[in-house]
Structures are given as structure tokens and as C-alpha cells.
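Let's have the full structure, built from the sequences with the hints guiding it.
Sequence lines, in order, name chains A and B. Residues 1 to 189 (the working numbering) make up the first sequence, in order. Residues 1001 to 1116 (the working numbering) make up the second sequence, in order.
No lab work stands behind these hints: they were computed from the structure. Be careful, since some hints might not be right.
The list that follows gives simulated cross-link-like pairs (lysine to any residue, SDA-like), each with its CA atoms no further than 20 angstroms apart [stated by the list, open to error]:
# : chain 1 : residue 1 : chain 2 : residue 2
1 : B       : Lys1104   : A       : Asn107
2 : A       : Lys162    : A       : Glu134
3 : A       : Lys146    : B       : Pro1110
4 : A       : Lys152    : B       : Lys1112
5 : B       : Lys1104   : A       : Asp59
6 : A       : Lys146    : B       : Ala1100
7 : B       : Lys1104   : A       : His138
8 : B       : Lys1112   : A       : Glu60
9 : A       : Lys146    : B       : Ile1099
Chain A side only, calculated, beta carbon under 7 angstroms to chain B, not exhaustive [unchecked claim]:
#  : residue
10 : Gln63
11 : Pro64
12 : Arg121
13 : Ser123
14 : Ala159
15 : Glu160
Label pairs and their computed distance ranges (CB to CB) [unchecked claim]:
#  : chain 1 : residue 1 : chain 2 : residue 2 : range
16 : B       : Asn1105   : A       : Pro147    : 19 to 25 angstroms
17 : A       : Asn107    : B       : Asn1105   : 18 to 24 angstroms
18 : B       : Glu1090   : A       : His151    : 19 to 25 angstroms
19 : B       : Glu1090   : A       : Ser132    : 28 to 34 angstroms
20 : A       : Asp106    : B       : Ile1108   : 26 to 32 angstroms
21 : B       : Glu1090   : A       : Asn91     : 43 to 49 angstroms
22 : B       : Pro1110   : A       : Asn110    : 23 to 29 angstroms
23 : A       : Glu108    : B       : Lys1112   : 16 to 22 angstroms
We put the beta carbon where it would ideally sit given N, CA and C, even for glycine.
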Amino acid sequence: MTTERWPPVYDAKELATTINKLVDSNQLKSHFFDYHSHDLGPCQGDIIWLATNQIPVLDEIGQPSIYEDDFCSGYWMIVGNTCDIARNINNVEWTQIIPLLDLGTDNEINNNELAALMRYRHSRRFYVPAWSNEVSGHHFVADFLKPVTIHKTALFEVAEIKAKLSYYGWMLLHSCLVRFLARDDGRFD
Amino acid sequence: MKVFFGDYEFGLDVFPQTGLKEYKNKGKTEVQFRRSLTGTDVTSVPGYCGYTEILDFSTGQIIVAFSPGELVRRSSQFVQDVSMLPISEEDEELIDNLIARRSKNRRIQPLKRRLK
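Written as C-alpha cells, this is what we have:
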């Protein structure tokens, strides 16, 4: 086992700059979602409803299991690449989604926690503000730690697209996804 | 109106207003998709993952051509410079604790069929 610190493959400085610029941009705060493109097919970053909040996982002994928790909302975010989603299903049959956890309303989250969520300086979850009156007042995080493989047919025929990210929202998701997978090695911190 | 890009020839009529569309490129079926960037109707021309060309529907011109990595880097051109801190360990801990606090009735049930 190596004892040296592994540097990030990605340009960490630029990635950090990008995330911070986007988060602090008024455009991002006011334009997180795109409300004009709902007739498009499923894309990376879309919020979908699947009517199941059960998450398939391998448990501590590698056994196929179902993870459940009351804050698993039944809403999911597509993180699979749009290119793969668009390709013929005979060539690319599967894609990935991650669950949206409903953290509750302002009454259930203190100001420090809410500020931290909105700073996007945490790497394992992605903060998602309420996208419609249906979930008004609630704060969500997409959990990068629990990706689920889904058949693409379910995306097109079963899933209901609830919201689409704007360009800025997608850019932030993209940056945070890269950071989650390729961030600096913190084993020796 | 026809749009040309490399070996591809596009007629704007081949692009539907919604959904996915297949078309032929030298007899080979390709797939195109659309999404809106910066308020302009665009499409990603299929090719190879990691490389994307964007077609501006209003002008029929290729307006952007770069890899997703380059896309992230170039995004910095769109917004103002602020700070450089990518990850805060304090925020990580705050969010981890928030998740743990808001977790209710966490349970993991094995599927009936066990691995042999």
C-alpha cells in the first residue's frame, strides 16, 4: 500500500473556483431550475418521481439488500450521462440515479446547517432547493453515496420528470460530481 | 435550411421540438438529443462521449465545441470571481451530523434470495 498522498487528477484549483463562482452567483440562486424544457427527454440532473423510496444496496456482508429511511422521499436525481441516456437502448441499457433525501423545512434545520448546505463546500451530497409548490419549503440533498442503477426503459415509461436543472444548476451538479469522485485524497489530513 | 458539420448534414426539419430523434449518418443510425443552454435551443450532436458539439437552432451554427472537462473550466467565464475553498471539513461534519439527525427509522432488509 502506498504511503504517499495521491494528488487529484482533476485541476482542483479550477474546480474549486468554478464551484464557488457558481454558488455565489445570483444567477444560480435565482435560476437553479429550468421551467421551460419539461417536454424534453430525461437528462442528467433531472429530478424524477419513481413512487419508491427503497434503495437497493449491498449490505455489510455483501448481501443484496434494501435500504429504507423515512427521509428517503421517492424523488431521485439522474446522474447518468445524458449522452448514454440518449443512445439506443440496445447499446446502453442502464443509467444511474441517486436518491433525494428530504431534510425537512426551515423549522427542522438550524441556520448554520442551512448556510452550510447552500455553500456547497460539502462533497458527499448535493443540496437541492424546492423545485415546485409540491415540495415548497422543504430542503433536499441528493446523496452521492447511494447511486442506483436503473433500466432506461423505466426512465422513459415509469419515471415522472418533476424538474430540470438550468444550465447553471447543471454546471454546479457537474462540478460537484467531479469533485465527489476526483477530489483530493484526504487520508492523511 | 441545411446545416453542415463535418460529415453530418442537418436539415432543421429533422429536429423535432421534443424528445429524441434518430437520423442516418453515412447509413449508420445515430441519436441526437436536445437540452436548453443559456436560453437557446440547442442539440448535442452525437459522436463520442467526452466531446460535445452544440448547435444553435436560431442560427444553425455550431456555437460551442469542447469536452465536458473543458465545459467545467470554461464555466468560470460566466460568473464572478469570489474565493478558492473547495471543501470545508467543518461543513462536511455539519452536513454529516444533519443527515444523521434527520435520519428516522433507518433499516436495511436483506433480499430473500441469498448469495451462495
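Checked hints:
1. Taking the CA atoms of lysine 1104 (chain B) and asparagine 107 (chain A), the gap is near 17 angstroms; set against the 20 angstroms cutoff, the hint holds.
2. With a C-alpha separation of about 10 angstroms, the suggested pair lysine 162 (chain A) and glutamate 134 (chain A) falls inside the 20 angstroms cut-off, and the hint holds.
3. Of the supplied pair hints, the one linking lysine 146 (chain A) and proline 1110 (chain B) holds, its CA atoms being roughly 16 angstroms apart against a limit of 20 angstroms.
4. Distance hint between lysine 152 (chain A) and lysine 1112 (chain B) is unfulfilled; the C-alpha atoms sit about 25 angstroms from each other, more than 20 angstroms.
5. Under the criterion of a C-alpha separation no larger than 20 angstroms, the hint pairing lysine 1104 (chain B) with aspartate 59 (chain A) is consistent with the structure, at around 19 angstroms.
6. For the hint linking lysine 146 (chain A) to alanine 1100 (chain B), the alpha-carbon distance of about 15 angstroms falls within 20 angstroms, and the restraint holds.
7. For the hint linking lysine 1104 (chain B) to histidine 138 (chain A), the alpha-carbon distance of about 16 angstroms falls within 20 angstroms, and the restraint holds.
8. For a cut-off of 20 angstroms, the pair hint linking lysine 1112 (chain B) to glutamate 60 (chain A) stands: about 16 angstroms separates their Cα positions.
9. Only pairs whose Cα atoms come within 20 angstroms are accepted, and lysine 146 (chain A) paired with isoleucine 1099 (chain B) is accepted, the gap being roughly 13 angstroms.
10. About 5 angstroms separates the beta-carbon of glutamine 63 (chain A) from the nearest beta-carbon of chain B, less than 7 angstroms, and the hint is met.
11. About 5 angstroms separates the beta-carbon of proline 64 (chain A) from the nearest beta-carbon of chain B, less than 7 angstroms, and the hint is met.
12. The closest approach between the C-beta of arginine 121 (chain A) and any C-beta of chain B is roughly 4 angstroms, which is under the 7 angstroms cut-off, so the hint is satisfied.
13. For serine 123 (chain A), the interface hint holds, the least distance from its beta-carbon to any beta-carbon of chain B being 5 angstroms, beneath 7 angstroms.
14. Annotation: interface hint on alanine 159 (chain A) violated; nearest CB of chain B at approximately 15 angstroms, more than 7 angstroms.
15. Annotation: interface hint on glutamate 160 (chain A) violated; nearest CB of chain B at approximately 15 angstroms, more than 7 angstroms.
16. For the pair asparagine 1105 (chain B) and proline 147 (chain A), the beta carbons lie near 22 angstroms from each other, so the given range of 19 to 25 angstroms is met.
17. Distance hint for asparagine 107 (chain A) and asparagine 1105 (chain B): a CB-CB separation of about 20 angstroms, consistent with the stated range 18 to 24 angstroms.
18. The beta-carbon spacing between glutamate 1090 (chain B) and histidine 151 (chain A), approximately 40 angstroms, falls outside the hinted interval of 19 to 25 angstroms.
19. Judged by the Cβ atoms, the range 28 to 34 angstroms given for glutamate 1090 (chain B) and serine 132 (chain A) holds: they are separated by roughly 32 angstroms.
20. Aspartate 106 (chain A) and isoleucine 1108 (chain B) have their C-beta atoms about 30 angstroms apart, which keeps the hinted 26 to 32 angstroms range intact.
21. Judged by the Cβ atoms, the range 43 to 49 angstroms given for glutamate 1090 (chain B) and asparagine 91 (chain A) holds: they are separated by roughly 45 angstroms.
22. The supplied range of 23 to 29 angstroms is broken by proline 1110 (chain B) and asparagine 110 (chain A), whose beta-carbon atoms lie about 36 angstroms from each other.
23. Roughly 35 angstroms separates the CB atoms of glutamate 108 (chain A) and lysine 1112 (chain B), a value that falls outside the hinted 16 to 22 angstroms.
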